[in-house]
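Visitor: Spelled out, the chains give:
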Amino acid sequence: MASHSVNPPEDSAAAEAAPNTVPPRRGSLSFRSRAERSSSETLSVEIMERSRSRPMASYASKRSDSDKLGSQREIDDDEARFVYINDPERSNLAARLPNNAIKTTKYTILTFLPRNLFEQFHRVAYIYFLILAGLNQVPQLGVFSPAASILPLAFVLGVTAVKDGYEDWRRSRSDRNENNRVALVLVPGDREFRPTPWKYVRVGEVIKVAADESIPCDMVLLATSDPAGVAYVQTINLDGESNLKTRYAKQEMQSTAPEALSGLIRCEKPNRNIYGFLASVNVDFPTGTAATKPVSLGQSNIILRGCELKNTSWVVGVAVYTGQDTKVMLNSSGAPSKRSRLESQMNREVILLAATLFALCSIVAILAGVWLVDHRHELDTLPYYRKQDLSEPQVGKYNYYGIGAETVFAFLMSVILFQVMIPIALYISMELVRLGQAFFMIQDKNMFDEATKTRFQCRALNINEDLGQIKYVFSDKTGTLTENKMEFRCASVRGVDYSHGEEESLFSSVSSGETRKPKTSVKIDPELMDAIKGGQGIEKANLARDFFLALATCNTVVPILVETPDPSVKLIDYQGESPDEQALVYAAAAYGFMLVERTSGHIVVDVLGERQRFNVLGLHEFDSDRKRMSVVIGFPDKTIKLFVKGADNSMFGVIRKNIDLDIIRETETNLHAYSSMGLRTLVIGMREFSIDVFEEWHSAYEKASQSLIGRAKLLRAVAANVERDLNILGASGIEDKLQQGVPEAIESLRQAGIKVWVLTGDKQETAISIGFSCKLLTREMTQIVINSNSKEACRKSLQDAASTARRLKAAPDSESTFSGTGSMQTPLALIIDGTSLVHILDTELEDELFEVATVCDVVLCCRVAPMQKAGIVTLIKNRTDDMTLAIGDGANDVSMIQMADVGIGISGQEGRQAVMASDFAMGQFRFLVPLLLVHGHWNYQRMAYMIMYNFYRNSVFVFLLFCVLYSVIYTALPTIIVGVLDKDVSRKTLLKYPKLYRAGQNNERYNLKLFVLTMMDSLWQSLTVFYIPYLAYRRSTIDGPSLGDLLILAVVLVVNIHLAMDVFQWNWITHASLWGCIVATIICVIIIDCIWMFPGYWAIFHIMGTRLFWACLFGILVASMVPRFTTKALTEYLMPSDVQLARELEKSEETNLSNSSEIPLSTFSQL
Amino acid sequence: MNNSAASTSSGSGDVPAPRRNSNRPKYSRFTQQELPACKPILTPRWVITVFTLIGVIFVPIGVAALMASNKVVEIVYRYDAVCIHGNTKDEKVAYIQNANTSKTCIITLTVPKDMDQPIYVYYQLDNFYQNHRRYVKSRNDAQLKDSDKANDTSGCDPEKTTPDGSPILPCGLIAWSLFNDTYSFSIGNQNLTVNKVGISWKSDRDHKFGDNVFPRNFQNGTLKGGASLNESIPLSQQEDLIVWMRTAALPTFRKPYGKIEQNLRVNETITVIIQNYYNTYSFSGKKKLVLSTSSWLGGKNDFTGIAYLTIGGLCFFLATAFAVVYLVKPRYVLLQI
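Protein chains in written order, with full-length UniProt numbering: chain A, 1 to 1167; chain B, 1 to 337.
One or more of the hints may lead you astray.
[To be verified] In silico lysine-lysine, DSBU-like type, Cα no more than 35 Å apart, as pairs: (1) A:Lys208 <-> A:Lys103; (2) A:Lys1128 <-> B:Lys39; (3) A:Lys397 <-> B:Lys286; (4) A:Lys397 <-> B:Lys255; (5) B:Lys286 <-> B:Lys259; (6) A:Lys1147 <-> A:Lys1128; (7) A:Lys570 <-> A:Lys519; (8) A:Lys387 <-> B:Lys103; (9) B:Lys329 <-> A:Lys1147; (10) B:Lys92 <-> A:Lys397; (11) A:Lys387 <-> B:Lys202; (12) B:Lys89 <-> A:Lys397; (13) A:Lys1009 <-> B:Lys329; (14) A:Lys1147 <-> B:Lys39; (15) B:Lys103 <-> B:Lys300; (16) A:Lys641 <-> A:Lys755; (17) A:Lys1128 <-> A:Lys269; (18) B:Lys329 <-> B:Lys300; (19) B:Lys286 <-> A:Lys387; (20) B:Lys224 <-> A:Lys387; (21) A:Lys397 <-> B:Lys26; (22) B:Lys255 <-> A:Lys387; (23) A:Lys445 <-> B:Lys39; (24) A:Lys387 <-> B:Lys329; (25) B:Lys149 <-> A:Lys995; (26) B:Lys113 <-> A:Lys445.
[Said to hold, decoys possible] A short, non-exhaustive set of chain A residues, derived as facing chain B with CB atoms under 10 Å: (27) Thr160; (28) Ala161; (29) Asp380; (30) Asn446; (31) Thr1126.
Source of the hints: derived by calculation from the structure; they are not laboratory data. Built from N, CA and C at the ideal position, the CB exists for glycine as well.
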């Protein structure tokens, strides 16, 4: 089954753009009689039975996609779960199965404190602070206020703990609500349904669910309110698809009253696959007849927790998976606490600094020890040491514990003195800066969604800066890239293109005083309308009518009536599994062919105001081989027609070519135009049956339908046999409406060096056509498609793909060395489906997939389950250091959002699950561009600078050995201000040159090299700050406090001038904070020196009165800044970064000083 | 956060609805981060200007500072070695600790250049860590200022009280180790008056040391650290103590002893009678007597001038170097140079 194709660029788009229309699911809505269908289900069981005895029959694996997932393997007894219908005791006997309570909380009251603290202390720095706080408690070290030293750490820990606790409390509250919801459960003895809280539901119990209620657990359908056993469910919370899915109760069980039913279900062990279910049931009939043959159960017989029942007044089912075993719970991975990349990198530097600190303190301790040993005989009387305490009659010792202990104390004391080397203030500053950044992101009017009136939301506060380092974007399709609204846009009838939807449709169906209108109106093309209204005899009109009749009939859409405030008007809501079909039916309705009623045997269509009844004589379901579906319709006038619709490449093969050649050519031209507009195209054909042909077909069809073995294959053969010599009616173009600005956004992201992967639950064809319309895929791209359903096939496909990729990448690479850019390479796109991923993820094939995927420019994954989405994210996360971002809107994206480094939820459309799980939430996909390129860039740049600057500033201080106060008050504010406000390049420039984003991806602003350089700079600066006054005041009368004042002022000036040199943009706030900080420092020093209690009383006034003071200060400033200024000027001139060039460009544009238009782009470094 | 898909639909009713506030972000230049701002860019012109400017300022200052330093006349005489008997450290310590030995020591100094008044007399101690953490803490400022707090000796360890428990005033190691060498100067037979008034900071006399606080129990212990104080003079007038208590920043320091308010001529010989009481021998400290005039930049120190000249010269060099770089390797700079 491996189909690996490398399509030539020309036909790839046209070939893949056409979507199929009927989902390839077994048991999808078919309008044969119910009994027949259920017998067909029984048949498939037989197939399974037979195939059990011999190797898997080939046809068994040739079934549709969803079956491939499930029916790959048989259930052994070891692997099976036995569920006794209506007998929870027995069901729970063999194994301890969980009850239906769910728990999504992280902590309990008991574990909260230890576990939360444990998690928080993953920050290396916190351990350091804890050790320090401990040290401060040692009385011998004579710390001023031991208690005060714990406060900062306690504060930081406390705030985080409260936040975590609150979140967990909210989770537990929502769990409690969920667990206490009430379901109707059948009490085995009573034969009566009793309300029971969800949490007490057990496996084997029979549950009744009413319309619009949520399903409490995964259950196999036993009976529904529909006599045929049909039930509709909405699965939006599971897979993000908002349309209704059809599920069936098996006829065997539907026929028995649920209260009386008993039997045994053998099903597979709980697993995450929401697209597959494998089980069989033996029903015991109350009459006591021997157990029947096992009936197979599949995906279409189970309704999953998290879904909602729609359009069905009730269903009864038996619980098979409960609580944590349910597929939805298995698909929700716990929220890992996220930490920003910058912060984890910071841990490295923290360790480095701690080592430096240790070294410094060791030096101090060793020197202290040496000195003590040297002076051991004098210590008693040494005037400035004097360990003798003569206050008591007995000679005591003053604060002295022996040389060894004193050395240790010297070490510990220097640790306390130098503790700011790793600044706790930094952690507080970082939180504050992030708050500020979050404020600006929320306030950004460019990220406000006008349509839904939603703002940007910052749900996680600690990963703002990660937005500037993203390399992979994993995007959901439905609802994220698209609006999930299919719109009929173009029709080509008999080769004539009608694509000017202008007028409102006026059609409505009136019968017995009741008006029925389609729920969604479609704009119609007046020309086409005229063509339809043309006289009966005209061929053109007939063909146009047939075209729309085909649209209205050749589908599996169910019309559902919706009440309106006006009792005489009812809306028709077309429900179906394929949104394309819905769009087509709505379009047909707009042109006056309104599908009003559909039963198994006939269809009622309101044709231009007149109700007509058509017999459905046969329906050939869509399958992925034929890529088309067809329906045989008996007209009121007894003519019989076959309507076929399908993908263009499959249709042109069966269309009669000998006549209407012009029409075919015209249609092909139109189709090409449509698909290049990104529309999903379908070709519609018709064949009029003569009596002979009909009879022939009918007997074959009946025979195939009643066949016991290989019915599906036979039916397919019948269809293939009859679907030929078609007259072409026309083609349609449906727009899967993209969200505004998506193609541009994707283009910007790509230019920024971000790889965009689309992970969707959709079919491959749909995914590819969307890929084209959002410019993710282009015609120049070579597509590598992997559709395999066994591990070996996957391996082979991957190897082929890898070699293809290598070949394509290798050849132009050699040339590109001359051309200088990589743009000569053939871009590659990898398209892979969920079935293949089942065999690849979590196996050794992951590595091969990773290699192929990273070579490809675009990766499209279709038919993926929620957990697979997370699996793909993990694939990248585990193998690279690159930052990943996941964006999605539905509950099916939750695991992916949580797994990625940054998770973004699209808010405003459907459920809130994605938003709840996300770190950031916004209204539109296109906001990703300002978010990443502008805010991400700024956040990263600012935070990286702030961290670096903090390390620098504190190490200047430590190298200087100074008083503790300054680091917190004197210099923290300007950093925070700069950390919140400064921007290297303006928004406009960032959006204009997405390439600038690479600064973050390449860690340009925060790396070890920069760190070491900064540390060297800080060492130089502290040396100048210390040695200039030292040498100038050597052998003078200078007193300690005066020199101290000089050094404080010098340090504060130096670090602020340093900051000023690095500020990119000076606005009034920056000015105010920077200069204000310096003034504030001077004022602080003056105030302290005005207090007579302190030894430094009046020192500042004395020293400021001397000229040497000013000479020193000025000298220090210049001397400390010279190396930095020189390096900065040199690098900016000789090795300018892209950001630097952009700044110059920006400035020159503003001042219009030079002819800037010439060079800019080419000066950007080639990346 | 991981309100997983299980708690969906109606279960999520407790979750606050998305903020669908009509008050969409208000546009302001601040919230949109578009405050008008100056964006400095290091253009070659700027770089060269800055370096040149620094050079232009620093070189003249350096020259002036050097000249000032050269004008200062300074006589430094180390007397700790000549004013002692004994060869080994122990002998020296024994000698200086013996109350009966003569501590008087006469030295002569020759004036190398004319010295205009006022001539400052300093004593300079080497290797004396007045900035030691144990030392600087060992004082009580309240006690020094307020007569009511005479018994407050907290923080004065290990010199709080006498062995019998009476509080020492001024307490603490700093006061205890008060320098007690004395100098008297004469030229020929003529005594040189040394004015010891006003050598301390006025702010200290007025606000730090009380005028009604008198020394008590000072240097009464078995171990004498230095000078005794006249118990009838209030602390605010004990200027030697006030000077001493303003602890030095560096281990080699000078403290003002007094002022000679008359001019000294070149080659005049000054006789100094030193009472060499202070024990620096136990820790190998040096004692020096310093007579110095002063300039606008303070005492004699060539460092400032040399440093300024170096920085200024370096900046001139860098300015030239950058000019060369810009000429030799011109990059397309988007701004006018």
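Visitor: Are the Cα positions of lysine 387 of chain A and lysine 329 of chain B separated by 35 Å at most?
Guide: Roughly 66 Å separates the two Cα atoms, so the pair is violated.
Visitor: What's the verdict on lysine 255 of chain B and lysine 387 of chain A, does the C-alpha distance respect the 35 Å limit or exceed it?
Guide: 26 Å, holds
Visitor: CA of lysine 397 of chain A to CA of lysine 286 of chain B, is that 35 Å or under?
Guide: 28 Å, holds
Visitor: For the pair we were handed, lysine 570 of chain A and lysine 519 of chain A, check the Cα-Cα distance against 35 Å.
Guide: Distance of about 9 Å is within 35 Å: holds.
Visitor: Regarding the pair lysine 103 of chain B and lysine 300 of chain B, is the alpha-carbon distance no greater than 35 Å?
Guide: 31 Å, holds
Visitor: Against the 35 Å threshold, does the CA-CA distance of lysine 1009 of chain A and lysine 329 of chain B hold or violate the hint?
Guide: It holds: about 26 Å lies between the C-alpha atoms, which stays within 35 Å.
Visitor: How about aspartate 380 of chain A: closest beta carbon in chain B under 10 Å, or not?
Guide: Check passed: Cβ of aspartate 380 of chain A comes within 8 Å of chain B, closer than 10 Å.
Visitor: Between the alpha carbons of lysine 1147 of chain A and lysine 39 of chain B, is the straight-line distance 35 Å or under?
Guide: 7 Å, holds
Visitor: Regarding the pair lysine 397 of chain A and lysine 26 of chain B, is the alpha-carbon distance no greater than 35 Å?
Guide: 69 Å, violated
Visitor: Regarding the pair lysine 445 of chain A and lysine 39 of chain B, is the alpha-carbon distance no greater than 35 Å?
Guide: Status holds; Cα separation ~24 Å.
Visitor: Would the pair lysine 1147 of chain A and lysine 1128 of chain A pass a check requiring their Cα atoms to be no farther apart than 35 Å?
Guide: Status holds; Cα separation ~18 Å.
Visitor: Is the straight-line distance between the alpha-carbon of lysine 329 of chain B and that of lysine 1147 of chain A 35 Å or less?
Guide: Holds - the C-alpha atoms of lysine 1147 of chain A and lysine 329 of chain B are around 22 Å apart, at most 35 Å.
Taken one by one, the earlier hints fail for this structure at numbers 16, 17, 18, 21, 24, 25, 26, 27 and 28, listed in ascending order.
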